[in-house]
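**Student:** Sequence:
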Amino acid sequence: MSSLLTTEVAKKKDEDLIPLVLANSEVFGVIIDRYNEALARYIRRLTRVDEDEIKDILQEIFIKIYRNLNDFDHSLKFSSWIYRIAHNQVIDYWRRSRSRPMTAVDPDDGFWSSLADELDLEKEIGRQEFGSQVRLLIDELSGDYRAVIILRFLEEKDYQEISDIMKKPLGTVATLINRAKKKLKTLAEQKGLSNQ
Numbered sequence: 055m056s057s058l059l060t061t062e063v064a065k066k067k068d069e070d071l072i073p074l075v076l077a078n079s080e081v082f083g084v085i086i087d088r089y090n091e092a093l094a095r096y097i098r099r100l101t102r103v104d105e106d107e108i109k110d111i112l113q114e115i116f117i118k119i120y121r122n123l124n125d126f127d128h129s130l131k132f133s134s135w136i137y138r139i140a141h142n143q144v145i146d147y148w149r150r151s152r153s154r155p156m157t158a159v160d161p162d163d164g165f166w167s168s169l170a171d172e173l174d175l176e177k178e179i180g181r182q183e184f185g186s187q188v189r190l191l192i193d194e195l196s197g198d199y200r201a202v203i204i205l206r207f208l209e210e211k212d213y214q215e216i217s218d219i220m221k222k223p224l225g226t227v228a229t230l231i232n233r234a235k236k237k238l239k240t241l242a243e244q245k246g247l248s249n250q
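The sequence shown begins at 55 in the numbering used here and counts up by one.
If you're looking for bench data, these hints aren't it; they were derived computationally from the structure. Note that the Cβ used here is the ideal one computed from N, Cα and C, for glycine as well. Among the hints, erroneous ones may be present.
[Said to hold, decoys possible] Heads up, simulated EDC-like pairs for lysine to aspartate or glutamate below, C-alpha to C-alpha not over 20 Å straight-line:
{"#": "1", "residue 1": "K239", "residue 2": "E194"}
{"#": "2", "residue 1": "K131", "residue 2": "E215"}
{"#": "3", "residue 1": "K236", "residue 2": "D193"}
{"#": "4", "residue 1": "K131", "residue 2": "D87"}
{"#": "5", "residue 1": "K235", "residue 2": "D198"}
{"#": "6", "residue 1": "K235", "residue 2": "E215"}
{"#": "7", "residue 1": "K66", "residue 2": "E91"}
{"#": "8", "residue 1": "K222", "residue 2": "D146"}
{"#": "9", "residue 1": "K236", "residue 2": "D198"}
{"#": "10", "residue 1": "K118", "residue 2": "E91"}
{"#": "11", "residue 1": "K67", "residue 2": "E215"}
{"#": "12", "residue 1": "K118", "residue 2": "D70"}
{"#": "13", "residue 1": "K131", "residue 2": "E209"}
{"#": "14", "residue 1": "K109", "residue 2": "D146"}
{"#": "15", "residue 1": "K221", "residue 2": "E210"}
{"#": "16", "residue 1": "K109", "residue 2": "D125"}
{"#": "17", "residue 1": "K131", "residue 2": "D70"}
{"#": "18", "residue 1": "K236", "residue 2": "E210"}
[What the hints assert, rightly or not] Cβ-Cβ distance ranges computed for the label pairs, FRET-style:
{"#": "19", "residue 1": "K67", "residue 2": "E91", "range": "12 to 22 Å"}
{"#": "20", "residue 1": "K65", "residue 2": "A92", "range": "14 to 24 Å"}
{"#": "21", "residue 1": "L74", "residue 2": "D193", "range": "40 to 50 Å"}
{"#": "22", "residue 1": "R149", "residue 2": "A92", "range": "21 to 31 Å"}
{"#": "23", "residue 1": "D68", "residue 2": "K109", "range": "17 to 27 Å"}
{"#": "24", "residue 1": "R121", "residue 2": "I145", "range": "12 to 22 Å"}
{"#": "25", "residue 1": "K66", "residue 2": "D127", "range": "14 to 24 Å"}
{"#": "26", "residue 1": "I117", "residue 2": "R95", "range": "17 to 27 Å"}
Using the sequences plus the hints, can you model the full thing?
**Tutor:** Below you can see the structure in the form of structure tokens.
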């Protein structure tokens, strides 16, 4: 594909790329370029695996995306559909590896301030130490609670997108987020990280 054509194709919205990919598989590279970093970050945050395993999981995700483009549900946002595939692939990875999913959150994310404000947590102990403490709190959450916290606060997805990704009703997502925040707050209070 010529660089001029690549530039024009790269400007297209996700949904407009689907027929182009179906007609020319080389166009799929635009989708990979567009989502590779974000999905790698999402996998990294949901799991504690090395970069080689992240690449393996990503490869499986992109293969599934490509194979299922014909089945894309146009009532969803394309990014939500991709994150749903990624979410399911990570769950499959957990099942295959039989390991408990862990959270690995980058300490320099604005996530800490957002979550600390949301939960009224004490930030005085230093950003890195605080990040380590919150990471441990998130690790104690069960799978769905951990996933909604990551999707909402790290991936900055709205409730509808989380609903689409997790295949759960909107009300259930709201309840999960509320309960996850309460559980985190309780855990933070037990560990002396809360302002209350």
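**Student:** Identify every previously stated hint that the structure contradicts and give their numbers, smallest first.
**Tutor:** Result: hint 16 breaks, nothing else.
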